[in-house]
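Starting from the structure of chain A, add chain B with the ligand where the hints point.
So the protein lines, in turn, are chains A and B.
Sequential numbering of the first sequence, starting at 219, is according to the numbering used here.
Sequential numbering of the second sequence, starting at 9, is according to the numbering used here.
Derived from the structure by calculation, the hints contain no laboratory data.
This structure is a prediction, so every number in the text was calculated from the model and none was measured.
For glycine and all other residues, C-beta sits at the position ideal for the given N, C-alpha and C.
All the pointers check out, no bait thrown in.
Here are the simulated lysine-lysine pairs, DSBU-like style, with alpha carbons at most 30 Å apart: (1) A:Lys535 <-> B:Lys337; (2) B:Lys132 <-> A:Lys249; (3) A:Lys565 <-> B:Lys39; (4) B:Lys337 <-> A:Lys359; (5) A:Lys474 <-> B:Lys132.
From the structure, some residues in chain B lie toward chain A, with a derived Cβ separation under 7 Å: (6) Ile130; (7) Lys132; (8) Leu193; (9) Gln256; (10) Val324; (11) Gly328; (12) Gly329; (13) Met332; (14) Glu334; (15) Ser339.
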Amino acid sequence: MDLNYSAEEAAFRDEVRAWLSASLPLDLRQKVSSYAHLSKDDLMRWHRILAEKGWVAPAWPKEWGGTGWNLVQRYIFEEELGYAGAPPLIPFGLAMCAPVLLRFGTEAQKQRFLPRIYRGEDFWCQGYSEPGSGSDLASLKTKAVRQKDFYVVNGQKIWTTLAHYADWIFCLVRTDPNTGRRQEGISFLLMDMKAPGVTLRPLVLMDGAHEVNEVFFDDVKVPVENRVHEEGQGWTVAKYLLGYERMNTGRIGESKRQLAKLKEYSSSLKNDLRFRDRLSRLEVELMALEITNLRFLDRMRRTGQPPGADVSMLKIKGTEIQQMLTELMMQATDPAASDDFSVAVRKKYLSMRKTTIYAGSNEIQRNIIAKMTLGL
Amino acid sequence: MNFDYNEEQQLLADSVRRFLAKDYGFEARKKIVASAQGYSPQVWATFAQMGLTGLPFPAEFGGFGGGAIDLVNVMEAFGEALVVEPYLPTLMAGRAIARSPLAKSVLPAVIEGRMKLAFAHIEKGARYDLSKISTTARKSGDAWLLQGEKSAVLGAPMADKLVVSARTQNGIELFLVEKERVKALTTLDEMRAAELTLKATKAEPLGGDLELVEEITDFASALACAEAVGAMKFACDTTLEYLKTRKQFGVPIGTFQALQHRMVDMFIAQEQARSMACLACSKVDQSENAKQRARAVSAAKIKIADNARHVSQESVQLHGGMGMSEELKVSHTFRRLTVIAGQFGDADHHLARFAAL
Ligand SMILES: Cc1cc2nc3c(=O)[nH]c(=O)nc-3n(C[C@H](O)[C@H](O)[C@H](O)COP(=O)(O)OP(=O)(O)OC[C@H]3O[C@@H](n4cnc5c(N)ncnc54)[C@H](O)[C@@H]3O)c2cc1C
Chain A
219 MDLNYSAEEA
229 AFRDEVRAWL
239 SASLPLDLRQ
249 KVSSYAHLSK
259 DDLMRWHRIL
269 AEKGWVAPAW
279 PKEWGGTGWN
289 LVQRYIFEEE
299 LGYAGAPPLI
309 PFGLAMCAPV
319 LLRFGTEAQK
329 QRFLPRIYRG
339 EDFWCQGYSE
349 PGSGSDLASL
359 KTKAVRQKDF
369 YVVNGQKIWT
379 TLAHYADWIF
389 CLVRTDPNTG
399 RRQEGISFLL
409 MDMKAPGVTL
419 RPLVLMDGAH
429 EVNEVFFDDV
439 KVPVENRVHE
449 EGQGWTVAKY
459 LLGYERMNTG
469 RIGESKRQLA
479 KLKEYSSSLK
489 NDLRFRDRLS
499 RLEVELMALE
509 ITNLRFLDRM
519 RRTGQPPGAD
529 VSMLKIKGTE
539 IQQMLTELMM
549 QATDPAASDD
559 FSVAVRKKYL
569 SMRKTTIYAG
579 SNEIQRNIIA
589 KMTLGL
Chain B
9 MNFDYNEEQQ
19 LLADSVRRFL
29 AKDYGFEARK
39 KIVASAQGYS
49 PQVWATFAQM
59 GLTGLPFPAE
69 FGGFGGGAID
79 LVNVMEAFGE
89 ALVVEPYLPT
99 LMAGRAIARS
109 PLAKSVLPAV
119 IEGRMKLAFA
129 HIEKGARYDL
139 SKISTTARKS
149 GDAWLLQGEK
159 SAVLGAPMAD
169 KLVVSARTQN
179 GIELFLVEKE
189 RVKALTTLDE
199 MRAAELTLKA
209 TKAEPLGGDL
219 ELVEEITDFA
229 SALACAEAVG
239 AMKFACDTTL
249 EYLKTRKQFG
259 VPIGTFQALQ
269 HRMVDMFIAQ
279 EQARSMACLA
289 CSKVDQSENA
299 KQRARAVSAA
309 KIKIADNARH
319 VSQESVQLHG
329 GMGMSEELKV
339 SHTFRRLTVI
349 AGQFGDADHH
359 LARFAAL
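Same shape as in the complex, but just chain A (with noise of 0.2 Å):
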């Protein structure tokens, strides 16, 4: 056993360590350390700088952009990226609706969309969650009904985070409300958010900010094509997706940045004891949750599986080490301070709560672990 990344591994680090940090635009990397507000052109710049490089899409088959990396690789780059303290790249078109198109999607589909994914030139957003749906997502209501070419779809979506940017909305959406299965009559879908009949309310968070959104479709027009894979079939992409995401939720290269950070911003505190073992408990936490992640994705590069189920206590553990380092760093600003930044980090820890309620809450992937590894 040898835990240390082999010499090619760390020479490819290197590699994307240095152009990260003569690339990354110093505002952009302000910006997000100071916990600032990120616009759209703030997101989209940095995804076209990625894109120029041809970066933006590692995972991706190389004829579409896809830079080859192993997964080694692409778990450093990620790692490198939050480390650097880049903006997030955006997932609902990169890592969502193109692992669909590319593993679902028609070729027409394919060279339709992918492309402007690639380019940052269409911003998607995710369209699943609704009022009566979220963790028991089979249980979605909004209706697609076919005529001829089109299916008319009305409905609504909940919890939509950045409608209020995107060009296009993947949703899923009941086709045939007739089956014995919940799970079946459920279609994938396509949805240009300029259509006539979709519309906006925006949701305000208890940080105050405006991300998420409720999105109403009334009689809007769908073309045929923009289904993807069979009629009734989205159950089997959604849950395709799932697996694909969950491989990501662990973050440890952004928390290594953000208990640097802490660190440097606690060093009043440094003589308080009480303070300083809840740092070091959270930077061991974060040690173990590194090395579980690599042993997974070791486990994949041996065995050539997809991530099994157990991989939700990535999700699980990276969720909670994000909360708990927003919380100590709250602890750790002067209580008496009032300055922007002593404001954003009390309102980055109400924003992360949302962390172990989105992407599968956390209970629902202790369900998962349960029932599927356990077999609870």
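Below, chain B with the ligand without anything else, positioned relative to chain A:
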């Protein structure tokens, strides 16, 4: 031993609850928070009519001579409703004035609801250390002049007068200052506070010392504990209601045992917190000495800080996405509980103090 509230205490709490239920619902509160002043003068007037602004002050100045125990139930009601009016700051400053030669001239206006106060003690860099004060007071002719900065003074924007602590050759003493225009800022829990810059600011001496500041802070801490219990009660009640009504997988989510146990732990946390709030309030009213009082208050603060964190985090988590929305009161209660866990000292601070006593 008797844990019952007496008839007067019960009647007062009932009328406060009735008023808050009628005039301080979530929507009404939202308007108050968004208003320019950040509090409601009408609500303040009603508090005064109910006797709340006079309750803990001596009868000789028009008060009712009550203690923290008389306010436990009221503060719980405030916590449930997330009251943002500057009640605690006014009581803190008023408590300092009540022990001073100015009591007779100033307190009646406070008790009648015509004057609001703020207590400006903490400075940047002190964290929760009450002795770390660098604002100074010097005598120039007949007048006292203050020099220094006070940070995040709760209630200062709407206060008429401020009680300010400063160093003299005798140590820390308290002073009364006319409020000049300050720049208001909104705290994480939607209250108003201000930074205070004192530059040769004229002040009237109130006397007092660090021990008085500690006593006042312990008194306010005990009341804040009771307020926290009210906020926890709301968080628990509304989460319980949600577990019973929100359906996923065809059943109320409260039927999932994983969530039942979480709800039970929240409930226990609330009850434990209530016990400690009662203890703290009782000991600030009746202690043999300052140490006994301080031990009880720090113990309560530790429990309340831990449980406020626990209950607030769980209440949001069990609401799923809805818990994150500004449109639900539970997210505002989350904010209040987050702040209250650190108000007058976080768990770390009080653990150190408790261990040292
Ligand atoms: C900030 C944010 C951004 C989001 N972005 C998107 C987006 O872009 N697109 C999108 O489609 N959705 C998005 N979501 C929605 C998110 O996926 C859902 O909030 C999540 O799936 C939980 O669903 P819910 O909110 O309906 O909670 P519910 O499912 O009602 O759950 C309430 C509580 O019950 C628990 N629970 C539910 N079922 C069980 C069970 N069987 N056993 C134990 N506990 C259970 C949950 O864990 C939770 O604690 C976002 C949410 C948030 C908060």
